[in-house]
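Asker: Okay, here's what each chain looks like letter by letter:
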Amino acid sequence: MSIIYMLLAVSVVVAIGFFVAFIISVKNGQYDDVYTPSIRMLFDDELVKEPKQKKTTNIKNQN
Amino acid sequence: MSTKKEDILCYHCGDLCIDNKIVADDKLFCCNGCKTVYEIFSENDLTCYYDIQSNPGSTPSEISGKYDFLANEEIAKKLLEFNDGKHQIISLYIPTIHCSSCIWVLENLNKLQPAVTASQVNFPKKTVRITFKSEEISLKELVLILSSIGYEPYISLEDYTSGKKAVDRQLIYKLGVAGFAFGNTMFLSFPEYFQVDGFWIEKYKYIFRWLMFAFSLPVVFYSGWDYFVSAFKGLRSKVLNIDVPIALGISALFLRSVSEIVLDIGTGFFDSLTGLIFFLLIGRFFQQRTYSFLSFERDYKSYFPIAVTRIDKNKKEETVQVYEIEQGDRLLIRNGELIPVDGVLIYGNALIDYSFVTGEAEAVQKISGDKLFAGGKQQSGVIEIEALKSVEQSYLTQLWSNDVFQKDKVAAFQSLIDRISQRFTIVVLLIAFISTAFWLYHDPSKALNVFTAVLIIACPCAIALASPFTLGNMLRIFGQQKFYFKNANVIERMANISTIIFDKTGTITSNKKAEISYEGKELFKEEGVLLYNILRASNHPLSRQLYDSLSEEKIIKFDSFEEITGKGMKAKFNEKTIKVGSASFVNYEENNNTFQTSVYLQIEEEYIGKYVFQNTYRKGLDAVFESLGEFSKLAILSGDNKGEKIRLEKLLPKGTTLLFQQDPQQKLEFVKQLQQKGERVMMIGDGLNDAGALAQSDVGIVVSENINVFSPACDGILDATQFSEFPSYVSASKKSIKIIKWSFVFSFLYNITGLYFAVSGNLMPVIAAILMPLSSISIVIFTTIATTYVGKMLKKT
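Heads up: the protein sequence lines correspond to chains A and B, in order.
Heads up: the first sequence begins at 6 in the working numbering, then just goes up one per residue.
Heads up: the second sequence begins at 0 in the working numbering, then just goes up one per residue.
Careful: at least some of the hints might be erroneous.
[To be verified] Derived Cβ-Cβ restraints for the label pairs, each shown as a range:
{"#": "1", "chain 1": "A", "residue 1": "Ala20", "chain 2": "B", "residue 2": "Phe220", "range": "38 to 48 Å"}
{"#": "2", "chain 1": "A", "residue 1": "Lys32", "chain 2": "B", "residue 2": "Ser723", "range": "10 to 20 Å"}
{"#": "3", "chain 1": "A", "residue 1": "Met11", "chain 2": "B", "residue 2": "Gln52", "range": "29 to 39 Å"}
{"#": "4", "chain 1": "A", "residue 1": "Lys32", "chain 2": "B", "residue 2": "Glu140", "range": "32 to 42 Å"}
{"#": "5", "chain 1": "A", "residue 1": "Ala14", "chain 2": "B", "residue 2": "Phe220", "range": "18 to 28 Å"}
{"#": "6", "chain 1": "B", "residue 1": "Gln413", "chain 2": "A", "residue 2": "Met11", "range": "48 to 58 Å"}
{"#": "7", "chain 1": "A", "residue 1": "Leu12", "chain 2": "B", "residue 2": "His441", "range": "42 to 52 Å"}
{"#": "8", "chain 1": "A", "residue 1": "Ala20", "chain 2": "B", "residue 2": "Trp199", "range": "21 to 31 Å"}
{"#": "9", "chain 1": "B", "residue 1": "Asp24", "chain 2": "A", "residue 2": "Ala20", "range": "51 to 61 Å"}
{"#": "10", "chain 1": "B", "residue 1": "Thr787", "chain 2": "A", "residue 2": "Ala14", "range": "44 to 54 Å"}
[Claimed, not checked] Take a look, some chain B residues computed to stay more than 12 Å from chain A by CB distance:
{"#": "11", "residue": "Ile345"}
{"#": "12", "residue": "Tyr346"}
{"#": "13", "residue": "Ile366"}
{"#": "14", "residue": "Gln672"}
{"#": "15", "residue": "Trp741"}
{"#": "16", "residue": "Tyr749"}
Bear in mind the hints are in silico, worked out from the structure with no lab data behind them.
Where a beta carbon is used, it is the ideal one built from N, C-alpha and C, also for glycine.
Here chain B stands alone, though its shape is the one from the complex (with noise of 0.2 Å):
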């Protein structure tokens, strides 16, 4: 975004100040709420706050009742990490925690409020710990300080649900052990390997050769442990993925070394062996690292509210979590809230959005006696509604309970290095077999050892350790980028693609504003003053959109008024009547059913024209479809009408398939279908209505206009502005699978090295502890070195 030089930017926010009116402390404000957070900062000397980072803050929004569920002691329980009466402790989630001011003025809370004795903030996760005196001030209060400051907790259905999540710290203990025990082992096994005094060495060797198997056995059989049950459960059903080799070499180097250091023949290959493990791990911790901030899990729970407002039957509200809605009861929704139910209308003004359940852009109006969905979010005013089923059973959390939202894609996918593991483990068996058939036939005394030297030397270290690296640094890479994955094998399983569907609304188009046309008779200066006038009165959103895009008309006042809803307005000015709407209710005949959105104007019983409203696409749209129709097929799947069919026909390739009013379980259908005609599928949407077919696709892909508003549960996280450099993105994540294949032949030169050592019979445990460090440090390098390559290349496009 660029700013004029005359441009004033608020003082609190950075949003551009439009009238320059709103000024404190010679400061000047874009709107009251920013101004009103100033303010608290100030008078509590917090105003470091704006030192830290220049236009740190966020605009505080409306919040009046919201939160009154937390008053609620059962609620607020749940919510909890810590209570004993005096004092509480909770975990809330920012989303607008943003830059380090965020974290100072979340952290000098106590200066704000004294009752909080402590917080803090973990910014990767955007979360804030807060301790507080619960006799002082309740949880209620606490959230509401926190919003009045911009720092908006979200709590949804899912906090209550969930529960206290343990952190799992696994990985880093195995790693930390196979670390210490490599290091250690490394010096003990030296003094062998240099030996100069030759009597010296006699005497003490023992003592280092069992110290180095103490060490051993940790990392064996704690740090190296997964590998032995994941080959234990490939085996048991019939697969030889990677671990297989890899422990089969883990044993033998254990084995061997152990009947050595017994038989005392040998030194062992104790720092070979705890120096494999610790690079195997350190591949496997380098590809779990992901992106804390964002969730791929997410499921309706996360949109849903905790609580909605009841009233019982003596017309007292009362808040009730949203669990305990009974079919019959009574809601209030207020204006932006989220209907958690379906439900009848029974009184108000319901204006739904429903773009969340449907993908259907428009908000729609109902009138008292029809039923609403749950997931439609109210837009104007309060209504109140009936409620017909409990949560669970709603249209659209039933969704949720479709076998496909239980699907592991990871276990179901076979990555490459699974098929080539296959082959590997069985031609590595078999040259140990024979070279061990060749030993006994000349030479019996050295045919063990032989065998077991083929296992240790053909231990996949390296090739197990090129897909870690490569793809965990292209996560990295696609996250500078705005690209972000739920784990690095998806970039393995985009690379191997078929056909991209996409969804429409909010997907390929953009949320901001739609692009308005003027079809019809030209408007007099006069009948423009009075459309501007008539529009100016009504609250529905697409005269809210076309007032914006008018110019500016002098303000009149009408006669008469009337707006008559779900139809259009009406109104009288000097006698001239003018009425603006629908096509049935300005009388007007449309020729051709284009389904397009269009607003209707009629002046002195006469029709004069329209307005019609169009997506605008997102920029780049042709280019993106034509790069990558090169390689796969493409089709849209749309909740909304057919309006743009003719249109969305021009840009797309011929032969697409364009199927439309597609709701969430048709969508699952149709991925499905292709996916049982042996399609590779990536779905590529927005929605919670795309969360099924997301779900099931091979790889689910949701762009996201603002990435910290959550997303339905998907494989990964593009930010809408990087929406025209899709193309490039797919086609580096198949220079990865390129990379990684360039590393297996590196790795198998090594092997074959080796292998030469372990077949002839002089596998020295000094080789064995270069040769394979080496091996696995080269493949490193060369795969961050390729990497950073493809990165560079992604950055100039």
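In isolation and in its complexed conformation, chain A is listed as follows (with noise of 0.2 Å):
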């Protein structure tokens, strides 16, 4: 049953790995702004389709 040491250890390491892994993100501003992320990643999909439709569109206009 000594086995029981181990995994306590395993567990508490674990959770220290968790844990710290909390403390960096706090420390690097992540909880600072919890709202703009989420809106920034609806952007990416349409950061690549939409400019090349946009283009042929502006120059016909313009001349």
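Need the complex rebuilt from these two chains, each delivered in its own frame; the hints are there to steer you.
Answerer: Here it is in structure tokens:
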């Protein structure tokens, strides 16, 4: 049953690992603004598609 | 705002297009500014801006010369966050950020200007942090680009003086530590709670216990340390605050648990200990959340410009930081700029809007040689002034040297919880000592056990949670109703108010158009044409307002036209003379001095009539006064003249104090006097002229037409559209105090149940571990449901 020492040690190390990750993320300012990233991630797709489409129409109109 | 079907909205900003003439790419725009922004975007592949949200933009404003001060290296240095000669980083506050399109375009700035390497928006704070190559683009150019696309940053004297603020993340760390330790101790305490195999647990329980002890150390000495500090401070100033019983409970829990595991007599209460601190911190975290896009700490610095243009002896213009202005300096003030120091007008057509300082609604005309006060806004053309004082010694800024601006209202206020904890602590200590004495007599071995058990179980966790959760929730509900508070404590103070004082201009009157009524002989068609045209030629604000209210007439050309500054206008057409202006200008004698703002009209040396300008009061004002009058005294303090006295007397309940021509200092003194008589005063104002009174009052509320525009330091900001709802907000705050009182009753019931176990000497760790979270969670649920209900009632009205 002394495997329990091993298990305890592992569980505590894993827990501390997550805890340290949390502290680092707070320190990097991840919790300072919890709203903007939720919007920002929605932009990525449109960025790739839209510009090309628009470009052609714009040139047409300007000439 | 409702729009008719045929109305066409500007593709860029969503405003109404008046004449459908401004077209680009088949899209209609309300003005050339919006069209230009659209063209900039379409040339740079940024039209995606319009796909994310419709009509997202804002119209750019005229800014020539406004940002010249950014070229000054000393000033730029103070504003920059980082500068290594090649790269610079700056955080700019941009009030017009309002939708996801704004985020998108600001984060794609490098498409517009390749020298920008990175930009990141913080939406709640409405700031953008931009990294750019300073060799390719200067800070001034960057700001001009932002302004040209309608995202003009707001840079004020405050940015210059405050420097960089560090973010305070202490509470998140503490909460993190407590939560982490709480979770782990829970797991570690389970084996002993559910011991099935006696032999197994006997062998390993020591390792579990000492691990729990290790986890509890950072919780007590880091996360929970504030409670000891606060309790100690309270005791030193002879106040039994709520943190005293909490600190007692924490130490009793910790010391008893440690001695139990050291002496090998039990498991201790480590799980309850860490849980308690974790829950308390959650309450604190919940209460701390506030509105990051609003600031409640503004003083004159956030209104004042960083720099102005100085004219040196050789007639050369230079940008100078406002703190460097000395007596005798010649300054150039452009249209729309603020006068930063007291001075004398040297040259130019000065039309100064003092509404900021005095509350006087109307701009005043000044002639050279007149004294101008800091805080006035120039409204027509360029003027030159000579400084009489430095910024800090000016009339307006001196107000801020008053002690009231240092006062901490939260610390000065004795909250409900403070009052209850006084008695609570004494009762708990009494019970602890009496029961200990009882057990000392009967069974001394149990005495110490009972003493600590009472302190543990009586630890007012649920009481301490009731107030933050109720008030924190109400804070959010009020926020949804566009009533923003500085902190949760304000709600409690608001519920206690006995006198409410209103400012007049901008607070109970709306800033928008005045009502104009005509008194006098009826105008002939021909005379109407004359009036229309003479007003058309004038730039005086009253002329503009009157002109806008008249129906359109044909345009004629006068034979002669003359405008006499400060008096009025005189014109001739087909041998007919028309004079428009002040009473003395048209030789008309007013029978009774009404103080009303009027424009008089004379045609062919004969007085025809006058146009009277009256303030428009906010909708539902009489109803607001009536319902507020039911539970509090009312008063009006105005910086304006007596013109509206009769109208106000009709609106207000009889016996209401009405004071006019009050300067900022007088307003402050008035509030102070009432407080000395024992009144709890709420001040409702809008401008810098109320700043002193707002700071002095128990609750200072600012009414704002646009919450993104700066308001002076206050405890709460009320969106002007919600003004008529104000009385129901006050009563909602009273209801939330009732909710807190009910939660106290519930938590006392829990405490009494727990005390039964404690006093009888049967408090098992597992009972404490169940009772404590149960009472906390049920209080949280109760307050959440109750406040949501109050919020629903608010929305209905």
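Asker: Does each hint hold? Answer for all of them.
Answerer: Right, here's what the structure says about each hint:
1. A:Ala20 - B:Phe220: 38 to 48 Å: Roughly 19 Å apart at Cβ, these two residues miss the hinted range, so it is violated.
2. A:Lys32 - B:Ser723: 10 to 20 Å: violated (46 Å)
3. A:Met11 - B:Gln52: 29 to 39 Å: At roughly 56 Å between Cβ atoms, glutamine 52 (chain B) and methionine 11 (chain A) fall outside 29 to 39 Å, so the hint is violated.
4. A:Lys32 - B:Glu140: 32 to 42 Å: Holds, since lysine 32 (chain A) and glutamate 140 (chain B) (Cβ atoms, about 34 Å apart) stay within the stated range.
5. A:Ala14 - B:Phe220: 18 to 28 Å: At 24 Å between Cβs, range holds.
6. B:Gln413 - A:Met11: 48 to 58 Å: Given range 48 to 58 Å: holds, Cβ gap about 55 Å.
7. A:Leu12 - B:His441: 42 to 52 Å: Given range 42 to 52 Å: holds, Cβ gap about 45 Å.
8. A:Ala20 - B:Trp199: 21 to 31 Å: For tryptophan 199 (chain B) against alanine 20 (chain A), whose Cβ atoms are near 23 Å apart, the range 21 to 31 Å holds.
9. B:Asp24 - A:Ala20: 51 to 61 Å: holds (58 Å)
10. B:Thr787 - A:Ala14: 44 to 54 Å: holds (46 Å)
11. Ile345: holds (48 Å)
12. Tyr346: holds (47 Å)
13. Ile366: holds (51 Å)
14. Gln672: holds (44 Å)
15. Trp741: holds (32 Å)
16. Tyr749: holds (31 Å)
Going down the numbered hints, you'll see the structure goes against 1, 2, 3, while the others check out.
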